[in-house]
Amino acid sequence: MIKNISNLGDAAIYCDFGPEVNEAINSNVINYFNCLSELVKTKSISGIDNLTPSYNKLIISFDLRITNFSKLKKIIENLDVKKNIKENNQKIDIPVCTDDGYGLDFERLSEKLNLPKEEILELYFGKEYFCYMTGFIAGMPFLGNIDKKIRCNRLETPRVKVPEGSVGITEQFANIYTFESPGGWNIIGKTPKKIFKKTDLKNPVLIKPGDKVNFYQISKEEFLKFNE
Amino acid sequence: MNNTYFEILRAGINTTIQDVGRNNLYHIGITASGAMDQRNYQFVNNILHNSINDAAIEFAYQGPLLKLNNGNINFAITGDVFFNIIRKDSKIEEGECYQSYTLYDGEQIDIISTKKTVYGYLSVSGGFDIPQVWGSYSVNTKAEVGPNNGRKFNVKDKILIKEKVLKNIKFKKIDYESNLDNIVRVIKGTNFDYFSSKAQGIFLNEMYSVSRLADRMGMRLDGPSLENINKTNIKSEGLVKGVIQVPADGKPIILLSDHGTIGGYPKIAVVISADLDKVAQLIPGKNIQFKEVNLEEAEKIFKKHNEETNRYLNESN
Numbered sequence: 000m001i002k003n004i005s006n007l008g009d010a011a012i013y014c015d016f017g018p019e020v021n022e023a024i025n026s027n028v029i030n031y032f033n034c035l036s037e038l039v040k041t042k043s044i045s046g047i048d049n050l051t052p053s054y055n056k057l058i059i060s061f062d063l064r065i066t067n068f069s070k071l072k073k074i075i076e077n078l079d080v081k082k083n084i085k086e087n088n089q090k091i092d093i094p095v096c097t098d099d100g101y102g103l104d105f106e107r108l109s110e111k112l113n114l115p116k117e118e119i120l121e122l123y124f125g126k127e128y129f130c131y132m133t134g135f136i137a138g139m140p141f142l143g144n145i146d147k148k149i150r151c152n153r154l155e156t157p158r159v160k161v162p163e164g165s166v167g168i169t170e171q172f173a174n175i176y177t178f179e180s181p182g183g184w185n186i187i188g189k190t191p192k193k194i195f196k197k198t199d200l201k202n203p204v205l206i207k208p209g210d211k212v213n214f215y216q217i218s219k220e221e222f223l224k225f226n227e
Numbered sequence: 000m001n002n003t004y005f006e007i008l009r010a011g012i013n014t015t016i017q018d019v020g021r022n023n024l025y026h027i028g029i030t031a032s033g034a035m036d037q038r039n040y041q042f043v044n045n046i047l048h049n050s051i052n053d054a055a056i057e058f059a060y061q062g063p064l065l066k067l068n069n070g071n072i073n074f075a076i077t078g079d080v081f082f083n084i085i086r087k088d089s090k091i092e093e094g095e096c097y098q099s100y101t102l103y104d105g106e107q108i109d110i111i112s113t114k115k116t117v118y119g120y121l122s123v124s125g126g127f128d129i130p131q132v133w134g135s136y137s138v139n140t141k142a143e144v145g146p147n148n149g150r151k152f153n154v155k156d157k158i159l160i161k162e163k164v165l166k167n168i169k170f171k172k173i174d175y176e177s178n179l180d181n182i183v184r185v186i187k188g189t190n191f192d193y194f195s196s197k198a199q200g201i202f203l204n205e206m207y208s209v210s211r212l213a214d215r216m217g218m219r220l221d222g223p224s225l226e227n228i229n230k231t232n233i234k235s236e237g238l239v240k241g242v243i244q245v246p247a248d249g250k251p252i253i254l255l256s257d258h259g260t261i262g263g264y265p266k267i268a269v270v271i272s273a274d275l276d277k278v279a280q281l282i283p284g285k286n287i288q289f290k291e292v293n294l295e296e297a298e299k300i301f302k303k304h305n306e307e308t309n310r311y312l313n314e315s316n
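Top to bottom, those sequences are chains A and B.
The first sequence maps to residues 0 to 227 in numbering that gives the first Met the number 0.
The second sequence maps to residues 0 to 316 in numbering that gives the first Met the number 0.
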């Protein structure tokens, strides 16, 4: 359930689902997001411009010419999320090569975590991840939760350029850089799979909030030969 | 090539295609973009009887020098802009904003600069022949999203124009002058109480100024630092245009059209919708005085603002 609904300026609603970051709370955010997206798609609600789910919040921005805070707040409070829910979340497999040249931060990670590379990899690849949100840069998924033993802060000095496809970890999350961008996450490998396809106008983003992700390791040879 | 087009002889500082913006994609990290000054963008299409959502060329400070090829057109420019029309006989005619002009094959538009503001708009009767990307013409150069491969225009680029023959219709003139006062009305943000009561007072009473770090993504302000007494990072969450974030250095940043979709800095306030166009037009060095209003007041101010916009749009002359 939503803990508190307030306004973010005069043209957005701020839904707070509670202070913690966990899968249960985030699933709740995503259920509301899916439900409202459906209502926007079927034109059952008018005036909503954007829905932005994150770990424990849902921000709904709207066109003040068409609707306002109190009207939309009422709709959200009376939303029957269970009735409207559409299970459209998927399971996605992502290949990752962790060889030197792709996994850029194992030295730092081994030192900070006091674990050899092999053990970090075992803990990293040994579980299924959940997509909490997508954003920051187009299509970048925020995936959790990383095993407690391999949680590490971001780099003290962020990289000016992180290569496209890089898989990074920070604290309880993993992400994938969907295009070359500045960034401070610890890079453990690189995927040859396209996560964000700018030219795919219907479905540009591979991993969406609520999806489950399994990473699997590939060799450099397999990486270079990879064909979607 | 038989198409009518503008040939870019000088690109200007930041010349892009914009429209009302791109919606329903924040959840995958694609921001709205769109014209920085929505009112002047609407006016330029309105003067030419185009659809209100047609693509327009947005320029900042120095604009482009454009040569028309293969046709005759009508065009208009809005904003606070100094521009010339270079006729075929090399005669230079000084242009005025908010009215339409006829441009003949081979003639040029020289957009020399904006005057006391940042952004201006140019459109042509019948619109530009440009594809939409994800339902919008808007270009976001940082994410490389939008037509023209998500890039700003460069010298030698061509901008295709749909209609090549002049229509025998009377275009309109708008009698408008942008509001250039420096009072920016805000609603308290969701993290207003992260700041000391002294900082809250400073934010609402002292003067800030627009720094040189201002672009389509956002505007960093110079002025007194704001003391955060809680934490300088929050869990990343959704953002909207107009949000004023305060990172650890204590200097506010106003988010504008190309802002990131999520972020983790505390939000001290949000600019009200009615003042967004005004903020976007403030040039570096200009002072800003924030003034707090509540939601109800903001809605009333917007209603008035919107009625005023519509009055200009519906005027016929």
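Since the hints were derived computationally from the structure, they do not count as laboratory data.
Idealized CB from N, CA, C, for every residue including glycine.
A couple of the hints might just be wrong.
[Claimed, not checked] Footprint (simulated), chain A over chain B, 3 or more residues, beta carbon under 8 Å: (1) 101–112; (2) 137–145; (3) 261–269; (4) 290–301.
Okay, the hints, checked on the actual structure:
Beta-carbon proximity to chain A at under 8 Å applies to 0 residues in the stretch 101–112 of chain B; the threshold of 3 is not reached and the given coverage is violated. With 3 residues having a beta carbon nearer than 8 Å to a beta carbon of chain A, the stretch 137–145 of chain B meets the requirement of three or more and the stated coverage holds. Against chain A, the stretch 261–269 of chain B contributes 4 residues with a C-beta closer than 8 Å to a partner C-beta. That satisfies the three-residue criterion, and the hint holds. Against chain A, the stretch 290–301 of chain B contributes 4 residues with a C-beta closer than 8 Å to a partner C-beta. That satisfies the three-residue criterion, and the hint holds.
In terms of the numbered hints stated before, the structure departs from hint 1 and from no other.
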